[in-house]
Amino acid sequence: MSRLEEALEKAMIKRKKQVREDTSEDIVPETRPHPVKAKEENIISPTRAYRSNGKSRHINITNPYLITATDPDSPISEEYRKLKSMVVKLTKMDDFNNTLLV
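Convert by adding 4 to the 1-based position in the sequence shown; the result is the number in our numbering.
For the record, the hints were derived by calculation from the structure and aren't laboratory data.
Take the hints with a grain of salt, since some may be wrong.
Label pairs and their calculated CB-CB ranges [to be verified]:
#1 Ile80 - Glu9: 49 to 57 Å
#2 Thr66 - Gln22: 15 to 23 Å
#3 Met16 - Leu94: 37 to 45 Å
#4 Lys96 - Ile71: 21 to 29 Å
Being a predicted model, the structure only gives us computed values, none of them experimental.
Even for Gly, the Cβ is constructed at its ideal location relative to N, Cα and C.
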C-alpha cells in the first residue's frame, strides 16, 4: 500500500471515530444569524440616476458585458467587488497609492 493510500485510510478511520463521538454528544441545533437587509435608500444602482450640477439624469446601461451595472446582485458582480476591494487594499499598502483598473 502506498503512503497516499495509507494516509487516506487513516483519515477515513479518524473521520469515522469523530462522527461516532459527535453523535454521542447532545445535538444542539445550529443557529445562523439572519441576513441583514440594507435599507433601500442606501443602495445606489448605476442604472438609476446620477446628479450633475444639481440636475438628475438617468443613465440606461444596456451593455450585457457590464454585469455590475446590468445585474448588481449577481454572483459575478459580488466577485468583482471582492476583487476590486482586494486590489485597492493591496495598492494602499506601504504608501503605494496607485490603483489598477480591471
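We went through each hint and held it up to the structure:
1. Ile80 - Glu9: 49 to 57 Å: violated (40 Å)
2. Thr66 - Gln22: 15 to 23 Å: Since Thr66 and Gln22 have Cβ atoms about 53 Å apart, the given range 15 to 23 Å is violated.
3. Met16 - Leu94: 37 to 45 Å: holds (40 Å)
4. Lys96 - Ile71: 21 to 29 Å: About 25 Å separates the Cβ atoms of Lys96 and Ile71, which means 21 to 29 Å holds.
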